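Colleague: Protein chains in written order, with the working numbering: chain A, 593 to 1031; chain B, 660 to 1030.
Just so you know, the hints here were simulated from the structure itself, not pulled from any lab data.
Because the structure is a prediction, the values reported are computed rather than measured.
Some hints here could point you the wrong way.
If you want the ones that stay clear, here's a sample from chain B, every Cβ over 12 Å from chain A, calculated [what the hints assert, rightly or not]:
{"#": "1", "residue": "Ile721"}
{"#": "2", "residue": "Val741"}
{"#": "3", "residue": "Asp796"}
{"#": "4", "residue": "Gln797"}
{"#": "5", "residue": "Arg883"}
Per the computed footprint, the stretches of chain B lying under chain A, defined by three or more beta-carbons under 8 Å from a beta-carbon of chain A, are [unchecked claim]:
{"#": "6", "stretch": "778-787"}
{"#": "7", "stretch": "897-910"}
{"#": "8", "stretch": "957-971"}
Note that beta-carbon positions come from the ideal geometry of N, C-alpha and C, so glycine has one too.
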Amino acid sequence: MATRGVLLCSRVLKWRLFVQKAHCTFLSTRIDQQQKPSYSADDKPLFPGSRSKYTEKLEFIQPTSYEGIPVYRVLDRKGNIIDPNHDPKLSKEAILKMYKDMTLLNTMDRILYESQRQGRISFYMTNYGEEGTQIGSAAGLNPNDLILGQYREAGILLYRGFPIESFMNQCYGNCMDIGKGRQMPVHYGSAEHRFVTISSPLATQMPQASGAAYAYKRAENGLCVVCYFGEGAASEGDAHAAFNFAAVLDCPVIFFCRNNGYAISTPTQDQYRGDGIAIRGPSYGIDTIRVDGNDVFAVYNATKAARQICISQCKPILIEAMTYRIGHHSTSDDSSAYRSIDEVNYWDKENHPISRLRSYMIIQKLWSEDDEKTWMKESRKKILEAFGKAEKQKKPKPTELFYDVYKEMPKHLEKQMNEMKRHATEYKDVYQLNNYEQF
Amino acid sequence: MALRLTRRLLTVQGRRPPAVVRSPGLPRRSSTFTYVPDTAPAQLGTAKRMNLCQALTSAMDISLEKDPTAVVFGEDVAFGGVFRCTVGLKDKYGKDRVFNTPLCEQGIVGFAIGMAMAGATPIAEIQFADYIFPAFDQIVNEAAKYRYRAGNLFDSGGLTIRAPCGAVGHGALYHSQSPEAYFAHTPGLKVVIPRGPFQAKGLLLSCIRDENPCIFFEPKILYRSAVEEVPTGDYTIPLSEAEVVVEGSDATLVGWGTQLHVLRDVVNMAQEKLQVSCELIDLRTILPWDVDLVAKSVTKTGRLLIAHEAPLTGGFAAEIASTIQTECFLNLEAPIQRVCGYDTPFPHILEPFYMPDKWRCFEAVKKLVNY
Chain A
593 MATRGVLLCS RVLKWRLFVQ KAHCTFLSTR IDQQQKPSYS ADDKPLFPGS RSKYTEKLEF
653 IQPTSYEGIP VYRVLDRKGN IIDPNHDPKL SKEAILKMYK DMTLLNTMDR ILYESQRQGR
713 ISFYMTNYGE EGTQIGSAAG LNPNDLILGQ YREAGILLYR GFPIESFMNQ CYGNCMDIGK
773 GRQMPVHYGS AEHRFVTISS PLATQMPQAS GAAYAYKRAE NGLCVVCYFG EGAASEGDAH
833 AAFNFAAVLD CPVIFFCRNN GYAISTPTQD QYRGDGIAIR GPSYGIDTIR VDGNDVFAVY
893 NATKAARQIC ISQCKPILIE AMTYRIGHHS TSDDSSAYRS IDEVNYWDKE NHPISRLRSY
953 MIIQKLWSED DEKTWMKESR KKILEAFGKA EKQKKPKPTE LFYDVYKEMP KHLEKQMNEM
1013 KRHATEYKDV YQLNNYEQF
Chain B
660 MALRLTRRLL TVQGRRPPAV VRSPGLPRRS STFTYVPDTA PAQLGTAKRM NLCQALTSAM
720 DISLEKDPTA VVFGEDVAFG GVFRCTVGLK DKYGKDRVFN TPLCEQGIVG FAIGMAMAGA
780 TPIAEIQFAD YIFPAFDQIV NEAAKYRYRA GNLFDSGGLT IRAPCGAVGH GALYHSQSPE
840 AYFAHTPGLK VVIPRGPFQA KGLLLSCIRD ENPCIFFEPK ILYRSAVEEV PTGDYTIPLS
900 EAEVVVEGSD ATLVGWGTQL HVLRDVVNMA QEKLQVSCEL IDLRTILPWD VDLVAKSVTK
960 TGRLLIAHEA PLTGGFAAEI ASTIQTECFL NLEAPIQRVC GYDTPFPHIL EPFYMPDKWR
1020 CFEAVKKLVN Y
């Protein structure tokens, strides 16, 4: 390789090709040795950087000349299985669990959104319209697969058995919160349920998911890592880093994109010019599928299949679940400022993941109107009970402010903590210390 | 490699080679300090002459040997690294444990954080501290806050980031920076800077084993020039403990990394020319730093000089000066002196004027004693 390099360089110099020039130039006619063009059918480029054939046609690839990647579905909008070969044939228990978890999530969202409006909690984000992506994918995974989410994946935690009280405690930031009241509402985390604590910066979890998957591969634990992110977050540099690292280093990670049409007020046409997120997968060397995110069976099938490839072939997969964000971005957003009520109503009425599954269940005689009435009452009662409990709890003791910065508390923090304790005790009425657990 | 060949060929043609910025081993200007080797304590066992690179390789070798979840990665580490700090490790431990990553610092650190959170011990290399900034979000918003925000359910304590830092004589803006101050401002991180091979091996092993995310900056000018006897076995040097390197009574000099050796020359100059006895302290850990040891020294001497290559404004000397002023106000005989890089980007040809060299530091000592 060194000889070839020297030969190449000296020949280049002989032909007055200046390596420092940024532009390629054609070989000058002051070539001492005329090179006769030689080609044959086996003449292949030897560049280390790509695998391709030669072409003598000057053609640009036009992205719009390719059809978009198709959307995989199983159920039609009325709840009928289209191709029976793709019916996942889940048990009645499994299907009822999916339905009940989607509706429970929906009910919890309504109550907690209201509670923010009433000033009981500071902030909330609903999952309206995306219950199918969350529950469908959760059902397709092993309960020990590690989840790194963005912020609209509460349904996965719910599916895995995170108690309703725990959701509430986190939103209230009370002394029962396993997160110790450190973060804003909906920044859930649970080691027991293998759900890594949510952080606000977008897409930061993505390269972390690649790394965690690499560690899992080395540990040979038969598990994969699943990373959820929105189509907006996919514009971040961290997304590019994540895909590239996962592909190059053979990481068993499923990248699950929730393409819900909006990043706060930014619609997808202001977010990207290409064919969504799915088209990016192949460019990194990643097996990819696009799926109807509002079809819980399609999401289930795709996730289950993705997991199988991921684990058995030890490589990343990209799933782009197409869906629609029916709710506002958060309680700090009013989406009527940037989209029409008609648009939202279409998705709510005509293409909702919960309605489609319910239609299927009714057709299959797994569910009735009476069941629906009973369950709605029961689920609402369950949520309100947990809500009442969470509201009554005290806040954590104020010294919690100083713990977990490091594993052990360093001297300077101990000093600051004692200062704060003295100050807060002296001004205990101002700081309403009786609302907090005692020091 | 093509670039190296081109340089050689262009030289042959009688033209000066262009500055090849990423090539280590170019002749540098003569050091403006004398490196005085440390002595390794005898109880640490057999020692061998090692330079800083070799001491670091030894630390990583021991980690990879004893911790099966330890891995080393970054740009170009597989063949041994651009500064030869990872030579032989891939052959010994395999390419799944010592590997190259794509050229992406935010990816390197994000990937490392994920590995740490999943229970492994990642040792991530950033090729030059000047290039750590794409990873700033991951370091500050994620690694540093992982445990706190999760209520201790998750953490990134297994993470160690290594990066060469500091002036090298010709590095200019992007191969000379000392970015410790940016990270010192982030609770949750540990920031460590060794002054030589013996210190570096022990401190790096401590960082790797510490259950908090650590950033380990390595003064690159010392990689080859700092040579001393380094124990071949496993030993650690505690973090957050500063060290009195030279005892003295009239003034306290505080520095870290390369600057320690500059200040050692200043100690000698002050003794010879001013009959002033200086106490020299190596801070070693920038965050959390050893306030008590520095305060104890300044209580004794009444005079403090802090020197670092990083720019003056907002540099770490400001934090030390402010804290010591609070702790030792009544003991101070003179205002605290800071001798630092000027508030400019790191220059190329004018580096000798920018640096906090021994003559600038000596002048500051004069100011301290003549106040």
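Colleague: Run every hint past the structure and note whether it holds.
Modeller: Status of each hint after checking the structure:
1. Ile721: The claim stands: Ile721/B keeps its Cβ more than 12 Å from every Cβ of chain A (closest is about 19 Å).
2. Val741: holds (19 Å)
3. Asp796: Nearest chain A Cβ is 6 Å from Asp796/B, so the label is violated.
4. Gln797: violated (6 Å)
5. Arg883: With a cut-off of 12 Å, Arg883/B remains clear of chain A, as the shortest Cβ separation is near 25 Å.
6. 778-787: holds (count 3)
7. 897-910: violated (count 1)
8. 957-971: violated (count 0)
Hints 3, 4, 7, 8 from the list above are not met by this structure, while the remaining hints are.
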